[in-house]
Amino acid sequence: MKTPAPADLHRWSEELARNPASLAFLPLARAYRRMGRRDLAMQLCLRGLEYHPTHVEAHALLALLYFEAGERAKAADEWATVLRLKPGNFEALRGMGFRHLEQGDLGKARQHLERAALIRPDDATVQEALRLIRQREAAPAHSGGAGGAGRARDTGTRPAASRLAKSSTGAGTRAGSATQPPTAGSSTPGGVPAGHPGAAAPPRGAVKAGAGSGAPVESRPARPQSVRPAAGGPAGPPATGAQPAGSPGMGTGGPRFVPGRPSGTRSRSEPRFRPAWLPDDQPSTPGPPRPAAPAPARHEPSTPTRAAAPPSGGPQPPPTRPARVVESPALPPDPTRLFETLTGSGPLLGVLLLDRRGLVLAGGLSGGVQADELGANLGGAIDEAIRTATHLELGAWWGLTLETGQAVLQVRPVDGDALVVVAAERSAPAGWVMRAADHAATIAGRFVEVFS
Amino acid sequence: MSDAYRDAVIRLSHVPGVSGAMVVDAVAGVAVAQELTPDVSGTAIGALAGALFGRSAQATEGAGLGELDVVQLRADGGHVLVAGAGSLIVVALLADDAQIGRVRMEAQHSAALVRQAMETGF
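Same order as they appear, the protein sequences are chains A and B. Throughout the first sequence, residue numbering follows my numbering, covering 1 to 452 in sequence. Throughout the second sequence, residue numbering follows my numbering, covering 1001 to 1122 in sequence.
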């Protein structure tokens, strides 16, 4: 990722000085992040979000900044916000999935990761995480694994990473988890997939890839462990088996693990934790450059696609959409049938996907409901909802429920400026309709991502 | 002010998770009765809730879905629930971890009380 031009920095800074509500905060924050000035980037994001509380990319960038600062809870909060604004955001789904997995909440982890897998079926980290979840759900009480070394027993009483931190002993090298047999897992023993910051340390210690000194990193018991991708480290053999080589964000040498450390104790000169799926523009990340990844999600280093990484810098070219997404068989050619998996049964009157102008993009309503009329008038209600949430300092809105004598409508924002509306009979259980709306938002997010 | 209106907001504001309650003139957006914490502006909430309910009612009635009963706005930092009561609305401000089901029930009960009070001439 190239360094931002000083002229651009100057222009964005001046624009912000002239107009604090300007969207120039975003490219400027990305530029500062690339320059290693994450503190400034974070300040810019926070200030920008005061003016643009529903800006998806700003929340996503802030999540990334928090994550890089080791503030995982805050990163998760931001990802959650991203998902409310854009339920189909892959990075946020994956981040939240790994976060839940790290915390041992397999149900929520599965929920997020399955949605992520729908969007990018070939993402190796997501597939690996899902495999782990299935494994753990199948045999939750087994500590198993080849040789059993380091496979701590999942008691369900502590987050997996914390539990397994105690099993990390000694020092040594790990040739990349992707080379481990399936029983040992191409993931961490804690059940957090390789490449995620929440992944636990391996049973036999680890060495930071490219950390400079090459000295083993001291393990810190009772702390959540983090992983660091191999980033093309010299010791990593090519990935095999369950972890496809060259998968997005995964170095061909597979991930390496290093024990985590509280963010407050890490000096700026030290390498930061970094999941496999972080973009490659981390100035503070040491180690040799990653080998070229033939993954479809990352065509060129200088032209990241949506599939490649979270938003990461400067004015970006229009996102390249991987052909595999367009070819997905789950998207029907007829947009009116987009939500038919939801509307096929139960008390749903229908689902609509509306664009910013209130036009129907997909879906339909039955029961004599005037879909066009609803779309045309709903925009005004949403404007009021946003105004109310902003004025009351409630943050971003993520749902609106309208109940009438005949029906209940659930409205969700999709992709920042589209809406999905789920209409159900008035007698439908409220919680069920809300969940149906969540599902519809996921489907709609994917549709918007492909066709917007 | 009718005691019925006051009773309605007090009852609603005592539900766990509810940080404030109001009865508002739906068209004018002005407060008729309110039970709010000092740091919350009843004037602003009345105006915003009135507008939110009005525009939402326009959308549902235009679509042939009938008269709007309840609007619930969910946001990161909390929820706003507005229940229709004729020309008045009942507004509840909720924490994000509020027991929504109970608040909905209480808000609709309060709305019924307010509607009844209006019909009996208060």
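Hints in this document: simulated from the structure, not taken from any laboratory. A virtual CB, placed ideally from N, CA and C, is assigned to each residue, including glycine. Hints should not be assumed to be uniformly reliable.
To be verified - So, partial list: chain A residues that the calculated Cβ filter (under 7 Å) puts toward chain B:
#, residue
1, GLU114
2, ALA117
3, ASP122
4, GLY346
5, PRO347
6, GLN370
7, GLY380
8, THR388
9, ALA389
10, HIS391
11, ALA396
12, THR401
13, THR404
14, GLN406
15, ALA407
Now the hints, each set against the structure:
| no. | hint | result |
| --- | --- | --- |
| 1 | GLU114 | violated (23 Å) |
| 2 | ALA117 | violated (26 Å) |
| 3 | ASP122 | violated (32 Å) |
| 4 | GLY346 | violated (18 Å) |
| 5 | PRO347 | violated (14 Å) |
| 6 | GLN370 | holds (5 Å) |
| 7 | GLY380 | holds (4 Å) |
| 8 | THR388 | holds (4 Å) |
| 9 | ALA389 | holds (4 Å) |
| 10 | HIS391 | holds (6 Å) |
| 11 | ALA396 | holds (5 Å) |
| 12 | THR401 | holds (4 Å) |
| 13 | THR404 | holds (4 Å) |
| 14 | GLN406 | holds (5 Å) |
| 15 | ALA407 | holds (5 Å) |
Hints 1, 2, 3, 4 and 5 from the list above are not met by this structure, while the remaining hints are.
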